[in-house]
Amino acid sequence: MPHVKQFKGKNHKLREIRVKHESGYHRVFFFTWIDNTFVFLNHFVKDKKETPQKEIDLANSLMEDWLNKKGGK
15 MPHVKQFKGK
25 NHKLREIRVK
35 HESGYHRVFF
45 FTWIDNTFVF
55 LNHFVKDKKE
65 TPQKEIDLAN
75 SLMEDWLNKK
85 GGK
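Taking the working numbering, the leading residue of the sequence shown gets 15, the next gets one more, and so forth.
Possibly wrong hints are sitting among the right ones.
To be verified - Think about it this way: if two alpha-carbon atoms lie no more than 20 Å apart in a straight line, the pair counts; the simulated EDC-like pairs of lysine to aspartate or glutamate are: (1) K62 with E30; (2) K83 with E36; (3) K60 with D71; (4) K60 with E36; (5) K68 with E30; (6) K68 with E78; (7) K84 with E36; (8) K24 with D61; (9) K19 with E64; (10) K68 with D79; (11) K27 with D61; (12) K27 with E78; (13) K84 with D49; (14) K63 with E36; (15) K27 with E69; (16) K22 with E64.
It is worth saying that the hints were derived from the structure and are not from the lab.
Whole structure, please, built from the sequences with the hints as guidance.
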(Lines of atoms letter the chains of each structure in order from A and count residues from 1; the text may use other names and numbers.)
(Lines give C-alpha, C1' and ligand atoms only; values in the text may rest on other atoms or scores of the structure.)
Protein backbone atom coordinates (compact mmCIF):
# COMPACT_ATOMS: atom_id res chain seq x y z
CA MET A 1 0.00 0.00 0.00
CA PRO A 2 1.55 3.34 -0.98
CA HIS A 3 2.11 6.11 1.55
CA VAL A 4 2.07 9.84 0.84
CA LYS A 5 4.23 12.38 2.65
CA GLN A 6 3.90 16.15 2.35
CA PHE A 7 7.08 18.14 2.82
CA LYS A 8 7.30 21.05 5.26
CA GLY A 9 8.97 24.44 5.10
CA LYS A 10 10.10 25.80 1.75
CA ASN A 11 9.14 22.52 0.04
CA HIS A 12 5.57 22.56 1.43
CA LYS A 13 3.92 22.14 -2.01
CA LEU A 14 5.93 19.02 -2.76
CA ARG A 15 4.63 15.55 -1.90
CA GLU A 16 6.12 12.09 -2.15
CA ILE A 17 4.46 8.74 -2.84
CA ARG A 18 6.37 5.87 -1.24
CA VAL A 19 5.94 2.33 -2.55
CA LYS A 20 7.78 -0.83 -1.52
CA HIS A 21 8.41 -3.14 -4.46
CA GLU A 22 10.50 -6.28 -4.88
CA SER A 23 13.04 -4.18 -6.78
CA GLY A 24 13.36 -1.65 -3.92
CA TYR A 25 11.69 1.36 -2.35
CA HIS A 26 10.29 3.59 -5.08
CA ARG A 27 9.58 7.29 -4.64
CA VAL A 28 7.58 9.61 -6.89
CA PHE A 29 7.49 13.35 -6.26
CA PHE A 30 4.36 15.29 -7.21
CA PHE A 31 2.31 18.36 -6.35
CA THR A 32 -1.34 19.38 -6.55
CA TRP A 33 -2.17 21.92 -9.22
CA ILE A 34 -5.41 23.65 -10.26
CA ASP A 35 -8.65 21.76 -9.45
CA ASN A 36 -6.77 19.06 -7.52
CA THR A 37 -4.84 17.89 -10.58
CA PHE A 38 -1.79 15.83 -9.63
CA VAL A 39 1.41 16.69 -11.50
CA PHE A 40 4.01 13.91 -11.22
CA LEU A 41 7.56 15.18 -11.39
CA ASN A 42 10.26 12.54 -10.98
CA HIS A 43 10.81 8.98 -9.81
CA PHE A 44 13.76 7.23 -8.22
CA VAL A 45 14.57 4.05 -6.32
CA LYS A 46 15.65 4.85 -2.80
CA ASP A 47 18.69 2.91 -1.62
CA LYS A 48 19.72 4.95 1.43
CA LYS A 49 17.94 6.03 4.60
CA GLU A 50 17.85 9.72 3.68
CA THR A 51 16.23 10.99 0.50
CA PRO A 52 19.06 12.41 -1.64
CA GLN A 53 18.94 16.21 -1.71
CA LYS A 54 19.59 16.14 -5.47
CA GLU A 55 16.25 14.33 -5.97
CA ILE A 56 14.39 16.92 -3.88
CA ASP A 57 16.15 19.74 -5.75
CA LEU A 58 15.23 18.17 -9.09
CA ALA A 59 11.58 17.85 -8.06
CA ASN A 60 11.50 21.49 -6.92
CA SER A 61 13.10 22.63 -10.17
CA LEU A 62 10.60 20.65 -12.26
CA MET A 63 7.70 22.01 -10.20
CA GLU A 64 8.89 25.62 -10.58
CA ASP A 65 9.35 25.09 -14.32
CA TRP A 66 5.81 23.68 -14.64
CA LEU A 67 4.29 26.55 -12.66
CA ASN A 68 6.21 29.15 -14.70
CA LYS A 69 5.01 27.63 -17.98
CA LYS A 70 1.46 26.64 -17.04
CA GLY A 71 0.66 29.16 -14.32
CA GLY A 72 -0.67 28.58 -10.86
CA LYS A 73 0.46 29.07 -7.31
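How the hints compare with the structure:
Restraint check for K62 and E30: the C-alpha separation of about 16 Å stays at or below 20 Å, so the hint holds. A hinted pair counts as satisfied when its Cα atoms are at most 20 Å apart, and K83 with E36 does not qualify at roughly 37 Å. The suggested pairing of K60 with D71 holds, with an alpha-carbon distance near 15 Å, which does not exceed 20 Å. Restraint check for K60 and E36: the C-alpha separation of about 12 Å stays at or below 20 Å, so the hint holds.
Using a Cα cut-off of 20 Å, the hinted pair K68 and E30 holds, with the two alpha carbons roughly 14 Å apart. Of the supplied pair hints, the one linking K68 and E78 holds, its CA atoms being roughly 15 Å apart against a limit of 20 Å. Only pairs whose Cα atoms come within 20 Å are accepted, and K84 paired with E36 is rejected, the gap being roughly 36 Å. Of the pairs offered as hints, the one joining K24 and D61 is violated, with about 25 Å between alpha carbons and a cut-off of 20 Å exceeded.
Taking the CA atoms of K19 and E64, the gap is about 14 Å. The hint holds against a cut of 20 Å. Between K68 and D79 the alpha-carbon distance is near 16 Å, which keeps this suggested pair within the 20 Å criterion. As the CA atoms of K27 and D61 are separated by approximately 24 Å, the hinted pair breaks the 20 Å bound. For the suggested pair K27 and E78, the alpha carbons sit about 11 Å apart, so the restraint of at most 20 Å is met.
Restraint check for K84 and D49: satisfied, since their Cα atoms lie roughly 14 Å apart, inside the 20 Å limit. A distance of roughly 17 Å separates the Cα atoms of K63 and E36; the hinted pair therefore holds under the 20 Å criterion. Between K27 and E69, the direct Cα distance comes to roughly 15 Å. Compliance with the 20 Å bound is thereby established for this hinted pair. With a C-alpha separation of about 16 Å, the suggested pairing of K22 with E64 holds against the 20 Å cut-off.
Hint check: violations occur at hints 2, 7, 8 and 11; the rest are consistent with the structure.
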